[in-house]
Every structure is written in C-alpha cells, then in structure tokens.
Amino acid sequence: DAGVIQSPRHEVTEMGQEVTLRCKPISGHDYLFWYRQTMMRGLELLIYFNNNVPIDDSGMPEDRFSAKMPNASFSTLKIQPSEPRDSAVYFCASSSGLFEQYFGPGTRLTVT
Amino acid sequence: TQLLEQSPQFLSIQEGENLTVYCNSSSVFSSLQWYRQEPGEGPVLLVTVVTGGEVKKLKRLTFQFGDARKDSSLHITAAQPGDTGLYLCAGPSSSNTGKLIFGQGTTLQVKP
Chain A
1 DAGVIQSPRH EVTEMGQEVT LRCKPISGHD YLFWYRQTMM RGLELLIYFN NNVPIDDSGM
61 PEDRFSAKMP NASFSTLKIQ PSEPRDSAVY FCASSSGLFE QYFGPGTRLT VT
Chain B
113 TQLLEQSPQF LSIQEGENLT VYCNSSSVFS SLQWYRQEPG EGPVLLVTVV TGGEVKKLKR
173 LTFQFGDARK DSSLHITAAQ PGDTGLYLCA GPSSSNTGKL IFGQGTTLQV KP
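For the record, the sequence lines run as chains A and B. Note that the working numbering numbers the first sequence so that position 53 is 53, with each residue one more than the last. Note that the working numbering numbers the second sequence so that position 94 is 206, with each residue one more than the last.
Incorrect hints may have been included.
[To be verified] Taking CB as the label site, the calculated pair distances span:
#, chain 1, residue 1, chain 2, residue 2, range
1, A, 18, B, 124, 34 to 42 Å
2, B, 223, A, 53, 42 to 50 Å
3, A, 50, B, 138, 41 to 49 Å
4, A, 53, B, 125, 22 to 30 Å
5, A, 44, B, 139, 33 to 41 Å
Don't read these hints as lab results, they were simulated from the structure. Glycine residues also receive a C-beta, built at the ideal position from the N, C-alpha and C atoms.
Take these sequences, add in the hints, and give me the full structure.
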C-alpha cells in the first residue's frame, strides 16, 4: 500500500489567500483525521471523519477552516482567508477504527 | 479531561547511552501507543500496548504499560543517532470513538 498521501508537501501563500490541502487515506480505512502541528502547541486534532461523515470538528480553530470528505478516498482541508498564525505542518491520518493511526508526510504551510 | 504528560520534554545524549521516556496520566486508558516522528515526516506507529503490565520489545526499544493502565514507558538501550526524533505517546479517548489523545512529545537527540 502507498500509505496516506498528502499534497502539496509545501505551500507558501500570502495572507488572505485561500489554501486547500489534500489527503488520500489508506484504502479500506474508515477513519480520517486532520491534525496541525506547531512547536508551541504540539499535535492538535482539528477534525475527524468516520465513513466520510464529520464526527468531531471541535478542534477547528475558527470558521476560516473547513474540511470535506466527498468519498472514502479523498479529503480536503481548506483555509479561507489564510493568516500568518495558520503557518504550521498539517497532517492527515487514517485508521481502520482500531485507534492505530497512519500518518501522511504532512503539508508544511507558510503564510506570509 | 484525559491528558497524557510526557517527560522529559527534551533529551540529548551520546550514542551508546540508555534512556527512558515516560508517559503519565491520571486517567485509565484501554491501550496506549507510541509513535516516532523524524524531522520532515509524519509520526510512525511503533507499538501498541493493551494489557496492564505488558512489556513489548522492538529491537533495542522496550515498551511497558503500567499495571493500572495509567502510564507507559519507553526504554532505549544503547541509543544510536538513528533513534533521533520526536516520541509521542497516545491513547484512545474514552468519550469519543476513534479519537486519540496525544502527549506533547519527547524530543530525543542522539549525538554520534
């Protein structure tokens, strides 16, 4: 299996621009998670899906963040408008419901 | 609220030394996982411990789950530069199916 695939690996954008991060989970996994990692706050869960349905979005910082999972093999995390404080590494992870999560390589986002 | 506290936060040692990283909570967890994250990559699952008192070995790494299932430790024997990375413990949320609670991590640097 190719593992969890994320794109892009690096994104540099200007404040106010829309940013879309993409994730392809491992085939057969029914849970998908979006995390954000910073030095100050560590690894934070933003939102997760089960069978394409959002279960818990309490970690989404504010309305500028949105996530979708239109099918079992694709999810997006969108930030609109982006701000410098959104700069972080964003990880997507998937699991088969056994709590053992498999992470993608991450997207390093820099907002200037 | 379930919390996992890791100690130490940072550890810098010489190649060949032994070390132990701790993961503690006041809450009982049904299982605990350990992940290792190398620079520029996502966390990778190392092991899952399920039974209180369980000990698992992965080459030079020994993982132990506390008898009361509130704590875990990771011991590395004869550390090597390849062991350098961020070590994260994680456990399933008791209130939210599929969600993992992560510790803040221990950054390990092994100098040659």
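Now for the hints, and whether the structure bears them out:
no., hint, in the structure
1, 18(A) / 124(B): 34 to 42 Å, "41 Å, holds"
2, 223(B) / 53(A): 42 to 50 Å, "47 Å, holds"
3, 50(A) / 138(B): 41 to 49 Å, "28 Å, violated"
4, 53(A) / 125(B): 22 to 30 Å, "45 Å, violated"
5, 44(A) / 139(B): 33 to 41 Å, "19 Å, violated"
Violated hints, in rising order: 3, 4, 5; the structure is consistent with all others.
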